[in-house]
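Novice: In order, the protein sequences belong to chains A and B. Following my numbering, the numbering of the first sequence begins with 166 at its first residue and continues without gaps. Following my numbering, the numbering of the second sequence begins with 358 at its first residue and continues without gaps.
Because the hints were derived from the structure by calculation, they are not lab data. Since the structure is predicted, the reported quantities are computational estimates derived from the model, not experimental observations.
As a list, the in silico DSS-like pairs of lysine-lysine whose alpha-carbon atoms are at most 25 Å apart:
| # | chain 1 | residue 1 | chain 2 | residue 2 |
| --- | --- | --- | --- | --- |
| 1 | B | K411 | B | K425 |
| 2 | A | K222 | B | K362 |
| 3 | B | K470 | B | K394 |
| 4 | A | K174 | A | K236 |
| 5 | B | K394 | A | K174 |
| 6 | B | K394 | B | K425 |
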Amino acid sequence: NAGVTQTPKFQVLKTGQSMTLQCAQDMNHNSMYWYRQDPGMGLRLIYYSASEGTTDKGEVPNGYNVSRLNKREFSLRLESAAPSQTSVYFCASGRHILETDTQYFGPGTRLTVL
Amino acid sequence: DQQVKQNSPSLSVQEGRISILNCDYTNSMFDYFLWYKKYPAEGPTFLISISSIKDKNEDGRFTVFLNKSAKHLSLHIVPSQPGDSAVYFCAASAYNNQGGKLIFGQGTELSVKP
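Build out the structure end to end from the sequences listed, making use of the hints.
Specialist: Right, dumping it as structure tokens:
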């Protein structure tokens with residue numbers, strides 16, 4: 166049981182380049198989330214998908230787009246990367262059926278934008 | 358506007374002693390609170406949670422206390438062990454209002470010294 170997987174693990178981009186971060190979960194979860202972690206800022210929600218076919222903005226959506234490809238997969242796209250997007254990105258998933266349902270996180274993607 | 362705050366970036370404790378990590382929140386709509394633990398180069402993992410209808414929840418060495426009037430929660434680890442050294446994030450959600458989204462604090466780095 167792999168849980169939540171993310172690819173790639175590391176990426177270096179030049180300013181203006183684009184890329185897509187991939188996330189997949191095998192727990193049959195309804196909801197999926199993208200966070201970024203920056204020093205002193207904790208984890209901030211970029212976008213989330215409460216169920217297949219829906220996506221909504223989180224706290225810091227500017228500069229990002231997402232696609233909920235199917236129930237398993239939720240991708241995050243940077244159309245034109247900027248140095249301010251240098252961060253560690255985490256994908257998470259959860260059942261979101263009961264209040265007590267928690268979120269399960271992937272191992273993260275460390276992105277550097279030069 | 359930081360709705361969930363962890364005002365101590367770091368905490369150092371001797372092995373065997375109690376570790377107390379604190380978290381404050383401002384949104385009175387939050388009704389569920391969680392603590393996550395994060396090791397370097399890994400994703401956060403769920404540790405313990407508490408519903409707003411309770412003021413205490415225990416799980417082995419970990420206890421979370423909630424003071425709703427003060428909008429404050431704390432995580433107690435007794436006894437602390439070197440393997441507890443990690444970054445701890447508190448998180449909050451308003452389940453019915455925010456679709457299961459979590460708002461995280463900035464994190465507290467706990468160091469347990471042998």
